[in-house]
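**Q** Given next are the chains, with one letter for each unit.
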Amino acid sequence: MCLAIPALVTHLDGGKAQVDFGEGVLRDVNVTLVDTKVGDYVLVHAGYAIQTVDKEDALETLALWKEILATENEQGS
Amino acid sequence: MVEKLRFRDPELAKKIVQKIREVTPKDETVKFCHVCGTHEWTITHYGLRSLLPQNVEVIAGPGCPVCIVPAAEIDEAVQLAQKGVVISCFGDVLRVPGSHKSLLEAKAAGADVRVVYGVSDAVEMAVREQDKEFAFFAVGFETTAPSTAVEALGNPPGNFSFLVSHRLIPPAMELLLGIGDLNISGFIAPGHVSTIIGMKPYELFPRVYRMPTVVAGFEPIDVLMGIFMLLKQHAEGTARLENEYSRVVKWEGNTKALEIMKRAFAVTGGNWRGIGRLPNSALKLHEEIAVYDARQKFGVHVEQGKDILLGCECHLVIIGKIKPCECPMFMKGCTPAKPIGACMVSSEGTCRVWAKTAATQAVS
Chain A
1 MCLAIPALVT HLDGGKAQVD FGEGVLRDVN VTLVDTKVGD YVLVHAGYAI QTVDKEDALE
61 TLALWKEILA TENEQGS
Chain B
1 MVEKLRFRDP ELAKKIVQKI REVTPKDETV KFCHVCGTHE WTITHYGLRS LLPQNVEVIA
61 GPGCPVCIVP AAEIDEAVQL AQKGVVISCF GDVLRVPGSH KSLLEAKAAG ADVRVVYGVS
121 DAVEMAVREQ DKEFAFFAVG FETTAPSTAV EALGNPPGNF SFLVSHRLIP PAMELLLGIG
181 DLNISGFIAP GHVSTIIGMK PYELFPRVYR MPTVVAGFEP IDVLMGIFML LKQHAEGTAR
241 LENEYSRVVK WEGNTKALEI MKRAFAVTGG NWRGIGRLPN SALKLHEEIA VYDARQKFGV
301 HVEQGKDILL GCECHLVIIG KIKPCECPMF MKGCTPAKPI GACMVSSEGT CRVWAKTAAT
361 QAVS
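Chains as they are written, first to last, in the numbering used here: chain A, 1 to 77; chain B, 1 to 364.
Please note: incorrect hints may appear among the correct ones.
[Stated by the list, open to error] When the alpha-carbon atoms are kept at most 20 angstroms apart in a straight line, the in silico DMTMM-like pairs for lysine to aspartate or glutamate are as follows:
| # | chain 1 | residue 1 | chain 2 | residue 2 |
| --- | --- | --- | --- | --- |
| 1 | B | K250 | A | E60 |
| 2 | B | K256 | A | E60 |
| 3 | A | K55 | B | E252 |
| 4 | A | K55 | B | E124 |
| 5 | B | K250 | A | D54 |
| 6 | B | K250 | A | D35 |
| 7 | A | K16 | B | E124 |
| 8 | B | K356 | B | E326 |
Since the hints were made in silico from the structure, they are not lab data.
All chains should be built: construct the whole structure from the sequences, respecting the hints.
**A** Here it is, written out as structure tokens:
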């Protein structure tokens with residue numbers, strides 16, 4: 001039930017936004033709980049955006065994982 | 001898209017599993033507990049338990065907000081429906097057993113019970129149908145409560161009210177630490193609850209209980225990384241609070257959502273199915289907006305319900321004491337098609353997740 005899905009903000013109109021979940025799934029959601037703008041990714045739960053997804057942090061996470069991978073490769077595994 | 005796929009990269013998973021093996025102790029069993037139905041789904045769906053060393057166990061705590069709604073509150077919803085109030089709720093809630101009947105059974109007997117995607121859809125219904133009374137059955141943890149708060153503070157129509165059954169996760173985690181024979185060595189804290197509440201409410205687990213705690217996301221790589229981070233702390237003999245899910249979980253949480261929740265709700269004690277009463281674990285509408293409280297508006301109050309039916313061991317599954325396959329009714333008397341206990345109802349209930357993914361073979 002705490003499932004939340006990232007979606008791209010495509011239109012913004014006050015407290016409402018149209019978001020794109022990908023593959024053509026569009027929906028109006030309430031964005032009063034977050035500060036967002038068109039082009040941001042937000043995490044949507046039960047019709048409400050509950051957080052904006054931080055792109056830099058997402059990339060940092062991926063970099064961290066890559067680092068683990070790199071360490072492993074250096075060790076020749 | 002490529003980035004998204006990296007979060008499920010099998011090669012990366014293999015490397016993390018290798019790292020996990022390196023830091024796993026040789027001579028003891030280490031047990032970690034998560035408290036989120038979505039984590040259980042990720043773990044079973046991707047077969048993550050089968051990738052872990054045999055002495056690393058991951059158990060599911062009370063992480064399904066639908067499963068822990070006590071029968072008394074289902075009974076209240078049923079009573080409201082029987083009084084002619086239109087009940088709107090999340091789909092998962094429909095079949096949760098009450099003391100006598102579920103909302104689905106009430107609906108079959110003629111009550112008007114409607115499934116909605118979110119609370120705003122429920123409010124829109126009430127605006128469209130002014131001649132009827134509507135009550136939204138507000139179930140869910142901190143992830144869901146802010147949306148209820150927004151609508152409660154947003155001057156809902158006069159024919160709309162809330163049956164608030166929200167619960168808070170940290171008190172349930174603290175309870176698990178009091179169960180001596182669970183022997184937990186670390187918490188995988190729930191990512192989307194933490195999106196709202198941030199990291200601070202978990203500080204006491206490492207500080208007071210010396211319990212390593214890692215907030216983790218929901219992709220398979222997230223969960224494996226969370227387990228690795230916990231094992232690493234265990235190996236170092238330290239207890240820290242760490243954030244694996246920093247792309248959406250901030251230290252302070254969603255301050256806007258927390259502020260709105262604070263304005264709408266007061267914290268109170270609440271019953272949890274299979275657990276009992278936990279102080280400071282539930283929410284109720286503040287006095288100023290109590291006019292929207294369905295219990296007060298329609299004089300409905302059920303003190304005690306019948307939470308667990310004879311033979312059902314949901315109360316032990318909910319706290320991670322037994323695995324679903326250790327319940328004598330699992331997939332015998334109790335199946336997804338005909339659930340007996342609440343854990344088999346919601347798509348995030350531990351028994352339901354295990355039933356649907358045939359995970360029992362991989363982990364039992």
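**Q** Hint by hint, note whether the structure agrees.
**A** Tested hints:
For the hint linking K250(B) to E60(A), the alpha-carbon distance of about 14 angstroms falls within 20 angstroms, and the restraint holds. Simply put, K256(B) and E60(A) have alpha-carbon atoms about 25 angstroms apart, too far for the 20 angstroms limit, and the pair is violated. Under the criterion of a C-alpha separation no larger than 20 angstroms, the hint pairing K55(A) with E252(B) is consistent with the structure, at around 18 angstroms. Distance check on the hinted pair: K55(A) and E124(B) sit about 34 angstroms apart at the alpha-carbon level, beyond 20 angstroms; violated.
For the given pair, K250(B) sits about 10 angstroms from D54(A) by alpha-carbon distance, which is consistent with the 20 angstroms threshold. Between the alpha carbons of K250(B) and D35(A) the distance comes to roughly 14 angstroms, so the proposed pair stays at or under 20 angstroms and holds. Pair hint K16(A) plus E124(B) holds up; C-alpha atoms about 14 angstroms apart against a cutoff of 20 angstroms. A threshold of 20 angstroms between alpha carbons decides the hint, and for K356(B) with E326(B) the separation of about 16 angstroms falls inside it, so the pair holds.
Consistency note: the structure conflicts with the earlier hints numbered 2, 4.
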